[in-house]
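Sequence order for the protein chains is H and F. Its first residue numbered 1, the first sequence is counted upward by one per residue in the working numbering. Its first residue numbered 1001, the second sequence is counted upward by one per residue in the working numbering.
No lab work stands behind these hints: they were computed from the structure. Remember, it's a predicted structure, so these values are computed and weren't measured experimentally. Quick reminder that beta carbons are idealized off the backbone N, C-alpha and C, glycines included. A couple of the hints might just be wrong.
To be verified - Quick partial rundown of chain F residues pointing at chain H, CB under 10 Å, derived from the structure: (1) Pro-1026; (2) Val-1030; (3) Ile-1033; (4) Ser-1097; (5) Tyr-1153; (6) Arg-1164.
Said to hold, decoys possible - Listed next, with one range per pair, are the computed distances between beta-carbon atoms: (7) H:Leu-74 x F:Ala-1053: 25 to 33 Å; (8) F:Arg-1051 x H:Thr-184: 36 to 44 Å; (9) F:Arg-1051 x H:Arg-51: 34 to 42 Å; (10) H:His-110 x F:Thr-1138: 40 to 48 Å; (11) H:Arg-65 x F:Arg-1006: 48 to 56 Å; (12) F:Arg-1006 x H:Glu-10: 25 to 33 Å; (13) F:Ser-1008 x H:Glu-10: 49 to 57 Å.
As the list claims (entries may be wrong) - Here are some chain F residues pointing at chain H (derived, C-beta under 10 Å): (14) Ala-1019; (15) Gly-1023; (16) Thr-1067; (17) Val-1070; (18) Ile-1071; (19) Ser-1103; (20) Leu-1105; (21) Gly-1114; (22) Leu-1174.
Number of protein chains: 2
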Amino acid sequence: MDMTQRLSAEDWADAALDALGRGGLPAIAVEPIAARLGTTKGSFYWHFRNRDALIEAALHRWEERGTSQVIEALKAEEGPEAKLRKLFTTVIAFGLSHRIELSLLGSRDHPAVGPVLQRVAERRVTYVRELFEEVGFTPEEAHHRATLGVSIYLGHTQLAHTARAALPENVDALITSAIDALLTAPTPAPPTPPTSPT
Amino acid sequence: MDMTQRLSAEDWADAALDALGRGGLPAIAVEPIAARLGTTKGSFYWHFRNRDALIEAALHRWEERGTSQVIEALKAEEGPEAKLRKLFTTVIAFGLSHRIELSLLGSRDHPAVGPVLQRVAERRVTYVRELFEEVGFTPEEAHHRATLGVSIYLGHTQLAHTARAALPENVDALITSAIDALLTAPTPAPPTPPTSPT
DNA sequence: GTCCAACCATACGGTCCCGTATGGAGGTTG
DNA sequence: CAACCTCCATACGGGACCGTATGGTTGGAC
């Protein structure tokens, strides 16, 4: 590491985010992180009020990384369909962010964690839904397809982390074909009433 | 509760499973559960060797409930297609089991949790895959569709627990139409080449 | 009734973590 | 150089939980 003796609040937040990825919310503990940073609690309680403040700082950092930065990175793609394909093919390849997300699921009852997970989930569905609307689907159809798409993404991530052996070899092709189906195929038995054109 | 002063190991395992649903793995703690049962640690350490033994007992109970019992309950349905529909429509309606599963995801690094999650996930994919094969799909196609189906199920559950507001109103219809697509529609761009040179 | 085994209550020491109190070390400013 | 402000090390008390030790209670065998 660095021999810089003076630390900043951001250093502590980064270390907390790192610990979150390794051991979940309980791993955001002051004394272990202090030892890992090569310092003591004295440093921490100068920069932060208490442990909860560190938790919120780490969650805030994760929320930024998981939503805004991803959506920002997609602005380079042209057209909603290209964005959708790029989104699902790249986002599946992430690693650390997923570890943190799965860890947070176990602590969703924590008052600071639940709202973050809710905002992230809603932001994802909303964004994907808007893309499907831009493609040309009705709001209801777009909402349904977005829900399915996000569900596939979340479920696949969960499977990859718990039973990678149960996944087929060519997962990328599977995801691609699923996006194809979501983008092109008309719903066989659409739950929306048939009197709605377009 | 009951005024029966004498408890059994099963009582402790049930209480541990209950605690697991409320607070995740860290909630399987001897002293709090003892207080909840109206007894003391003296009772626990008579029936169990230590806390890890209690954790394994609770996980074993959950694994049984989540796999064998569900699959057993489906033997009443006739034909693979009916079983698939029944499976996905009923399994989505569960509640406590899902709470436990999401909590366990955050503790998948625990040596006793990871293998259980892996077995459960593999058993689910394998079973659904067999059903798709019975319907008439090739082993590869069945594997792909099973992976997608289980992913949709897992992802939907995750969304329902973190951002229920982001889900459309008629979720049942959405799930039904998704199963329809998985059962009937031929894959638009099948990832398996016809000549299979890999 | 006696006795023994199953079962439980209580007390204790140990570990890990939180948060506070307090006294520095080290650079900065006048 | 002296006062000062920033940042950190150390020490302390407290709480939660684990596991052990030990004695007490209860119910059935005989």
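Each hint tested on the structure:
1. Pro-1026: holds, 6 Å
2. Val-1030: violated, 17 Å
3. Ile-1033: Status violated, d = 18 Å.
4. Ser-1097: violated, 15 Å
5. Tyr-1153: holds, 7 Å
6. Arg-1164: holds, 9 Å
7. H:Leu-74 x F:Ala-1053: 25 to 33 Å: violated, 49 Å
8. F:Arg-1051 x H:Thr-184: 36 to 44 Å: This hint is violated: roughly 53 Å between Cβ atoms.
9. F:Arg-1051 x H:Arg-51: 34 to 42 Å: Violated - the Cβ-Cβ distance for F:Arg-1051 and H:Arg-51, about 24 Å, lies outside 34 to 42 Å.
10. H:His-110 x F:Thr-1138: 40 to 48 Å: Hint holds: Cβ distance 45 Å, inside 40 to 48 Å.
11. H:Arg-65 x F:Arg-1006: 48 to 56 Å: holds, 53 Å
12. F:Arg-1006 x H:Glu-10: 25 to 33 Å: violated, 56 Å
13. F:Ser-1008 x H:Glu-10: 49 to 57 Å: holds, 53 Å
14. Ala-1019: Violated - the Cβ of F:Ala-1019 stays beyond 10 Å from chain H, reaching only about 13 Å at its closest.
15. Gly-1023: holds, 7 Å
16. Thr-1067: violated, 13 Å
17. Val-1070: violated, 17 Å
18. Ile-1071: violated, 16 Å
19. Ser-1103: holds, 5 Å
20. Leu-1105: F:Leu-1105 check passes; min Cβ-Cβ to chain H is 5 Å, inside 10 Å.
21. Gly-1114: holds, 8 Å
22. Leu-1174: This interface hint holds because 5 Å falls under the 10 Å limit.
Going down the numbered hints, you'll see the structure goes against 2, 3, 4, 7, 8, 9, 12, 14, 16, 17 and 18, while the others check out.
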